[in-house]
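K.L.:
Spelled out, the chains give:
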Amino acid sequence: MTKLVELPQGTLEMLILKAVSLGPLHGYGILLRIQQISGERLEILQGSFYIAIYRLERRGWIKGEWGESENNRRARFYSLTAAGKRQLKAETAKWTDMAAVVAGILAKKAREI
Amino acid sequence: MSLLAAIRKLWHSVAPRTHSDVEEEFRSTLDAYREDLIRQGLPEEEARRKARIDLGQPDVQYETYRAAIGLRPFDEFGGDIHYGLRALRRNPGFAAVAVLSLALGIGATTAMFSLIYAVLLHPFPYAGADRIMNLFGVDEEHPDGYSWISFSKAQLDEIRLAAPVESLLGFNEAHMEITGSALPEDIIGIYLTENAGTFFGVRPFLGRNLEPSDAENGGHSVIVLNYQFWQRHFGGDTHVVGRTLEIDHAPYTIIGVMPRSFAFNDMTEVGDVYLPASLMPVVNVSDDAYLAWIKPRPHVTRDAANAVLEPIVLEIVKQRTGRVPRGHLALQPIIWIFQKNTGTTLKLLLAGVVLLLIIGCANCSILLLARGRTRRHELAIRSAIGASRWRIVRQLLVEAIVISCTGAVLGVAASYWLAKLPLLLSPDSFPAESVIRINAPILAFSVALALLCGILFGLVPALRLSRHDSARMLPGRQIGFVAAPAKHRWSVLIAAQVALTLLLMATAGTAIHSFLGLMRMPLGYDPANVMRVGIGLHTENPGEWSRLQPREARTAYIEQIQEKIASLPGVSIVAVGVDATPPYIDPFYEKSFEIDETGDREQPQARVMLVDQQYFAALRIRLLQGRIWNADENTRGDFIAVVNHALATRYLSSSNALGRQLRIPGLTPLNHSQVASAQSTAWRQIIGIVGDARNDGLDRPVVPAIYVPYTAVMQPDAQFFVRTQNDPLTYLQSIRAAIASVAPDQQISTSSFNGTLTFNQALEHDAQYNSQRLFSILFGVFSAMALALALVGLFSVVAYSVAQRTTEFGVRLALGAPRANVLWVAARIALVSAAAGIVIGVAVDSFLGAVLAHWMQSAFAAGSLFAAAALLALSALLACLFPARHAIGVPPAEALRYE
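Quick note, the sequences are listed as chains A and B, same order. Just so you know, we're using my numbering here: the first sequence kicks off at 8 and counts up by one. Just so you know, we're using my numbering here: the second sequence kicks off at 6 and counts up by one.
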């Protein structure tokens, strides 16, 4: 079994933006998609999941609309707004930069320092 | 952020998702998850349970939502307010007392603040009002005496050209009469230099103000109306502009109406109509026709402007009098007179209301603390189930603020009326233009005050009550007979409250004491049943004026009216005088005079009173030596004078004053409307000495006065002093008729300066009388309120503690304690604190007494302090014993069952 990874603070919102960027999803769908993309390696604290969604919606990065789910149930579908797209791009760039820098530092051998 | 995003953000903040929307979404997610779990093989019940554990409860999801979007503080705050209101409703008696205590304090403070705002901070509507200055002359010998300097038109122009002057307004007040209608009506007209419109910078309510073009061709016949006059005379008709008004038999076109806030001018009289100065009749034109206001350029300091203008003004005075004036020029802002006279009064009153507010706050604190004991249980439960101390403090503070805000709403409403009280009691002390209204600064002030009070009186109880640890408080009610805690925060508060109350009461006592002293002061004349009735001759009517201008004709005219009034039944005596109404006689002539042929050794000064021989009898001024002049001497006007006792002792002490000679070189006409007797400036023999009658205000010593026949310098107006057998105002109609029988179109003046006034009314207009009465009444009211608050505080503390210690008292009684002893136990702490408060109050008062007396310009009365202390002690005793008596009324059996 693969090891579970705990999410660093604040990254859940970025993941939600990413999940929604691939197409409108309802809340449970977002949860599933994140787990699916990550290869079931992420343990999402489910209590904080909706809080993150509410905040994103409040900031206007995602917007929710009522629609029909795959099994004909009423569900609220979230999609990325233009502001959300920009935010995702910015966050991705920031994250990649940071990850590269941190990885670079950690990869240094003792004699290189 | 783009505009669209801003709008969206705003929309999201004002219209967040609804409760059902959030809940429905959550349920759908919950269902989807549960179905997944079932598909994975979990039993249905198990799946439902796990879904809820993992995701949460749908019913609290909306709260999660609101917390997530940052509304939690609002929700909690709203909850606190809601809870606070509910707590107040549950306990209406407590709520009413607390809210009223604050409403009194906040109302009084707001009222006083709005008064200060209107009177001292923002009284005038004029553009650059803080720059406008009066030109005062200060005599070297009387550095405290300020007098207005007057100018001719040419002199005004000279000053206007001086470098520091941006603009200058000249004005002259005149008594006029509306003619052309059935009843002549007396009005005040003010001639203004035609730059008035730009000088004032006040937008007219209707039409336009005077403009420089109105001076063309000797002046256009136009008038601008005062708001009050427009309301009174035209009933507020908005189509009045362009209509014609006949004044003194000449038509004037109405060009504008000034707004309500414009009431030029406080220092002379508020004008009913304003006219171009170029229209001023020739008889009024003289060397000193105009008073002036100057507006120095911005950034020119007062001292700099004063330094430049002084030589110019002194030169003008020198040219007029022919002597080098011994004095200097003092520019003073137009508000200065009011600040000088009323500033201290207002500060004292503000101090009074702040004390009242503090007492009100202390009262609320006491009530909260006393009631707090009944809430310990509730608070302990709240903290046991996880409320932090901060949370409980906040809850209690919000409750306090709910009380203070409710109090503030009531207080602000009440302040609207309260603020008018000082204006009603002492109208002369405030600028006529200060309008009391609730405006933004005042509202901001009272809201800030309310919050401050809430925090002030709520904090101590909140900190104290939130301190109890739940473990000690929770296990049921304590059963014990020593239930009273050893420490009482409120005993300190009660002592402070009582001390402050005593301070207010003693101040009120002092004020009342000195007011009574003022009332008992010998006046030197008898004001009862004497009335002044003024007439003005028609100087503007050429035919009539040419007939009455000669001195003999004018004397005959006045004597004829005098005789007619004297013949009325009920009128005992009628005298004639010019501006000779005590207790403050505006010196028509304050002149230097010479005694005998002693030369210029000292320049004695005296007020010269123009009166007739009946004046002394009408006012009942005592004749000390010699005699009063007779009717023939009165008609002649020359060679004789009567002096008052003050003059005789000051200037004639060495020998017998009677028979000595004095000469008043300045007793000459000042303008064309006056006419002097043949030798008005010649030597006069002193033929009599009369007693001192107040002539410089109630609070100041009588100044030396010389009485000469009014015919010495005949004025264009005169006043009759009518002594009647009862209330003089009831004779007004018959006096009018008597005057009309001599001259049908002779109106009597109704204006406040020379018009109809009983001598008792004149007393009430005295500045000292006014301010003393204001202090007495307001401080009386303040201290009554403070006393009521303090007593309510005492009462409720004892009542609460008796209610809480019912068991204890029951047991004490059951064990045979004497009733007096139980009573003492019940009231002890409150009584001891009150007594301590009184002792502290007496000590502080004795210390502050001197300061207070200085501020209030009256002697500090130790007697009134002890009277106040005694009254306070007695009422405190009653306020404690009344509720305490319930302690001994408890039947022991019932008390024990109570638990």
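Honestly, the hints are just simulated from the structure, not real lab data. Watch out, some of these pointers could steer you wrong.
To be verified - Among the chain B residues that face chain A by a calculated CB cut under 8 Å, a handful are:
#, residue
1, 10
2, 30
3, 38
4, 52
5, 70
6, 73
7, 153
As the list claims (entries may be wrong) - Here are some, though not all, of the chain B residues that point toward chain A, as calculated from beta-carbon distances under 10 Å:
#, residue
8, 22
9, 24
10, 33
11, 34
12, 35
13, 36
14, 37
15, 43
16, 61
17, 64
18, 72
19, 74
20, 75
21, 528
22, 531
23, 638
We put the CB at the ideal spot given by N, CA and C, even for glycine.
K.L.:
Work down the list of hints and note, for each, if the structure agrees.
P.N.:
Hint-by-hint comparison with the structure:
The interface hint given for residue 10 of chain B holds, since its Cβ lies 6 Å from the closest Cβ of chain A, which is under the 8 Å cut-off. With 8 Å as the threshold, the beta carbon of residue 30 of chain B comes within range of chain A, its nearest partner Cβ sitting at about 4 Å, so the hint holds. Taking 8 Å as the C-beta cut-off, the interface hint given for residue 38 of chain B holds, the closest approach to chain A being about 6 Å. Given hint, residue 52 of chain B at the interface with chain A, is violated; its Cβ is 14 Å from that chain's nearest Cβ, farther than 8 Å.
Taking 8 Å as the C-beta cut-off, the interface hint given for residue 70 of chain B holds, the closest approach to chain A being about 5 Å. Using the Cβ-Cβ criterion of 8 Å, the hint placing residue 73 of chain B at the interface with chain A is satisfied: the shortest such distance is roughly 4 Å. The interface hint given for residue 153 of chain B is broken, as the beta carbon of that residue sits about 69 Å from the closest beta carbon of chain A, more than 8 Å. About 8 Å separates the beta-carbon of residue 22 of chain B from the nearest beta-carbon of chain A, less than 10 Å, and the hint is met.
Look at residue 24 of chain B: its Cβ only gets to about 13 Å from chain A, farther than 10 Å, so that hint breaks. Annotation: interface hint on residue 33 of chain B holds; nearest CB of chain A at approximately 5 Å, less than 10 Å. Taking 10 Å as the C-beta contact cut-off toward chain A, the hint placing residue 34 of chain B at the interface holds, the least distance being around 4 Å. A least Cβ separation of about 9 Å between residue 35 of chain B and chain A falls short of the 10 Å threshold, and the interface hint therefore holds.
Of the supplied interface hints, the one on residue 36 of chain B holds, with its beta-carbon coming within about 7 Å of a beta-carbon of chain A, less than 10 Å. Hint on residue 37 of chain B holds. Least Cβ distance to chain A is approximately 4 Å, under the 10 Å limit. The beta carbon of residue 43 of chain B is not positioned within 10 Å of any beta carbon in chain A (closest approach about 13 Å), and the interface hint is therefore violated. Against a cut-off of 10 Å between C-beta atoms, the interface hint on residue 61 of chain B holds, since the closest Cβ of chain A lies about 6 Å away.
For residue 64 of chain B, the shortest C-beta to C-beta distance to chain A is roughly 14 Å, which exceeds 10 Å, and the interface hint is violated. For residue 72 of chain B, the shortest C-beta to C-beta distance to chain A is roughly 8 Å, which falls under 10 Å, so the interface hint holds. Given the 10 Å rule on beta carbons, the hint for residue 74 of chain B holds: about 4 Å separates it from the nearest Cβ of chain A. Hint status for residue 75 of chain B relative to chain A: holds, with the closest Cβ pair at about 8 Å, below 10 Å.
Hint on residue 528 of chain B is violated. Least Cβ distance to chain A is approximately 80 Å, over the 10 Å limit. A distance limit of 10 Å between C-beta atoms decides the matter here; for residue 531 of chain B the minimum to chain A is near 84 Å, and the interface restraint is violated. Using the Cβ-Cβ criterion of 10 Å, the hint placing residue 638 of chain B at the interface with chain A is not satisfied: the shortest such distance is roughly 100 Å.
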